[in-house]
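As a plain string of letters, each chain reads:
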Amino acid sequence: MTSRPWDVRLRRVTWEPVPRTWSVRHRVRPLILIGIPCVVWYFGWLLNPDRVGTPYLYGILIAAELFNLIQALGFWWTVSHERVREKRGPSERVAVDVFIPVYKEPPDVVDLTVAAAVGLRGAEVRVWVLDDGNDDAMRDLAKRYGVGYIRRSQHTGAKAGNINHALAKTNAPFIAVFDSDHVADPGFLEATLGWMDDPKMAFVQTPQYYANTEHNRIAAASWAQQALFFGAIARGKDGLDAVFCCGTNVLFRRAAFESVGGFPTNSLTEDFELSIHLHERGWKSAYIPDVLARGLGPEDTAAYVSQQQRWARGCLSGIPRALRARLPLRLKAQYLLSGVYFLSGWTILIYMSFPVIRLLGGGQPIGHIDAPVFLLHFVPYYAVALTMAAVAGAGSYTFAAFALSAANFWIHILSTIYTVLGKKGSFVVTPKKGAEARQPGAVMPALVAVGVLVAASIYGLAHNPDAATINNVSFAAVHVSILMTGCWAALQKPPAAAREELGAVEVLA
Amino acid sequence: MQTVKPLEKNSFGVLVQRLRGAHEAELFGPRGRLPRRGEPDTPKTTALLVLLGLVLAGLAVRLAVPRGIWLDEAISIHQARLSLHDMFRALYYGDRQPPLYDLVLWLTIRLFGHGEFAVRLPTVIAGTLVIPVLYELGRELYDRRTGLIAAAFATASPLLVWYSQEVRMYTFATLFGLLALLMQLRAIRRGGIGNWAGYILATLALLWSHYFGLLVIAVQQLIFVGVIVHRRRNNEPVRALALGFAYSLAVLAMELVPVIVFLTHQYQSTSGAAGSPKGTYDYLSFYAVLANVAWSLWGYQPNATSVLLAALWPLFLLGSLVLLGRGGSRQTTALAAAAIGLVVLLIVVSAFDRSLFEVRNFLILVPLVLLVIARLITGWIRSERARLLVAGAVTLTLVLGLLDQQLNKSNPRLFDFRGAIADIKANGGPSTLVLYEPADMRYVLEYYAPRLRSQPLTAPVTVQREGSPVFVLASFQNNKAFFNERSRVVGQLSFFRTFTRRFETPQTTVWEFR
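Sequences listed follow chains A and X, in order. With numbering that gives the first Met the number 0 applied, the first sequence closes on residue 508, and no number is skipped along the way. With numbering that gives the first Met the number 0 applied, the second sequence closes on residue 513, and no number is skipped along the way.
Think of the hints as simulated: they come from the structure by calculation, not from any bench.
Reference listing, derived: stretches of chain A covered by chain X, where coverage requires no fewer than 3 residues with Cβ under 8 Å from a Cβ of chain X:
| no. | stretch |
| --- | --- |
| 1 | 378 to 392 |
| 2 | 397 to 411 |
| 3 | 464 to 470 |
| 4 | 473 to 482 |
The calculated label-pair distances, taken between Cβ atoms and stated as ranges, are:
| no. | chain 1 | residue 1 | chain 2 | residue 2 | range |
| --- | --- | --- | --- | --- | --- |
| 5 | A | THR20 | X | TRP379 | 24 to 34 Å |
| 6 | A | PRO327 | X | ALA303 | 55 to 65 Å |
| 7 | A | PRO48 | X | GLY93 | 47 to 57 Å |
| 8 | X | LEU314 | A | GLY361 | 15 to 25 Å |
| 9 | X | ALA217 | A | THR20 | 19 to 29 Å |
| 10 | X | ALA438 | A | GLY361 | 44 to 54 Å |
| 11 | X | PRO459 | A | LEU46 | 57 to 67 Å |
| 12 | A | PRO327 | X | ALA245 | 54 to 64 Å |
| 13 | A | GLY440 | X | LEU51 | 50 to 60 Å |
| 14 | A | ASN47 | X | LEU51 | 57 to 67 Å |
| 15 | A | VAL372 | X | ASN302 | 14 to 24 Å |
Glycine included, every Cβ here is placed at the ideal spot set by N, Cα and C.
Please take these sequences and the hints and turn them into a complete structure.
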């Protein structure tokens, strides 16, 4: 029995991971056929030396555009290889250790996670609460449910160290890992264990679904970002045999785990590096697109920032590892694409800088052209790229998601600098409950950028209100709108907790 | 004929619908009564009162005409003043439009004369009727609130006002196009002889009003096919719809024969002669598209303003990003798809003749775009106050555009021939000769100064009594051929006569010689 009669994580799943009609691969392949000529049309024009305006700005623009092109082509390539795996039940009854690593999370959040884990079907389930927070309430909770409880004397290696420690204390041939807020579906093992019949299968990943999106802007936007990844991208990675572990809602083979010495403890994204290790040793991975566990997304901007910082630092520091990895080119490219995504904040900074530089009297990257000529070349490419995101996301990727990501561009920049400088980061657990006050500090860099854009616009309009200035002010307005949309939740009074607004009628039967 | 299951009545069903964003009624199902998140729609009486106010305001705005008759209008008036036989003959041999509007104008002139108020009456009425028809389309597609906001936009829409005041067929095409869409929607949703008859009549009226109505009709047929395919896929009954579609198609096909004969003959007779003078248009560019988009929303502005408005194009990038993940409403998607389909067809058609890509030729897109904007406001904004604020702000920009369009003398579509001719009449004597350019200016002179002696600039100047004034009335001077011809004649006249003065009215210049 939980401490309350209902919880958002028991609500019906509202996300349809796989489109009912045409598959994503069938939708995007014709688009790719249209898109490639558009890419050639735009970049063939852009890379012509006649286009050079202010040389250093042109160079920066080209770098940003090529980066985005690589990301776009990588995205198209990935989603066009979509593979939709069916659920596959176990062929024989086996034992599964279910790990729930916790670190000072509220017991009422973990309560339901443990209860759901106990209810898993399809195997001999041994649930373990791995308490790294030395919390007696957790011990009581484990005792109440009659599940295992493991507490370390030395808390090294954060979550990775916690799981590695538990590996030595347990012995089932398979291990399922759920973050402390992820409520497993009773059929989780019945959907995943069957794929472990392949002896080379190291892990089976499932989506990291957020259930608290109905009344929380940050969680909703954050989920929209997740939905694109755990939708078309993850299925595409599966089609390329390049699924990487995401740390929760995943079933491991103990032998695979042990073959690489467990989770690497020197990384902020231990799951990313673990996947590289496993793939290097020839292990396989799989992705089941069905939602088999429901968790809580970050409920405030600070929590989102904390999560993104950890992912960015981890993935960026994983790039050298991916480059060194002895992997097929296909897999290596997939790891690199995932890693370098966290450099995209630089391109946002670059695009924001151009109108500011122009309005303050500086140069512009492209010269000797007028808007119609630029648009004639740019719009087809842009339209295809945007349509591809919309089609692949099947409507799940929203403007709010894009804006939240763009408003936190500085995370990528800071993380790159820290990574290059070799500054150590610490593993910070994403808070499971939202703050009760406004958080302007969490979006301060974006607010500063807004201030600069607005000031430059006013300056430009005051000095020379011609069409070129209006054009650059429009660009500035676009950036300001995006940034403010991304910042809005942090500047607003937080809404009442979502779970208090839902009626019992909505819970899963 | 009900073809779509009604919304579930139990709370769980409603909740699931809300969670999926499916709170709106199906596009081609019975109209939903819950506009958005369960909030009540505008009460019927309130809506009708507001609509009445908008219609009266729209009529007042449309009756306040600050400009005179220009070339195309003068041609239409000239044709409508002929006998019916001669008018059809003139249209058949010398125009490029179908005759429905001209027939109405012919009747109007017989009833009310050919004063400026009288000749503008048909389009003023049609343009005012666009307001309630757009409201009804918005109500049919969404709810009364959306319909009212769209109607408010239409009341102040500069371009809709402009062409409601123009003695040409564009507003007729817009009105009948909207009616055709409305009746089509009703025929699909509810069937019934009345709705099908309404659809067929409106479509025929559209077809006989403007040849570009063919593009609208093409899009409508695609909508029919799409709905039939959709219903078949969902195992819903399609027989009645298919029958109605087949019958309407047969009627249209029969009607298409005389239209195509008429059109083909007109184009053969007028190729190279009709339309705007050669050299007025360059190639179809993005700027042309942007400028037309800006015009369609904020009306005809001075070129400098149009350039500034076109410079706002990055906001379209923002608009496209905002649309991400917003594909929930079938109504809006279908409406936007129809509008985009029309634009694409227009671009394709315009590739053959650049002069066709003009906002007046796709005036029907303006109310459709206004309806989409109204829906974005009612669909996306939760707070009633914020909704009113945004709708008010949009209306305000339209009103500003309207004022600028109507009153700014730099409006590139404003040709003040009336002012120029009035000045000539006031300062010339009975033996005054007016040399005009372009050639179609004769219809304007015929309208405003039928007793004034006039001849085209290209014709040789006849012997004049000593001291009789000669005026050169010229327009379209951005056209190279016209400019050269006018320069030649003015130069000759300057040599043989005394140049008295030169004055300008919008887009018109007059040289006076004694």
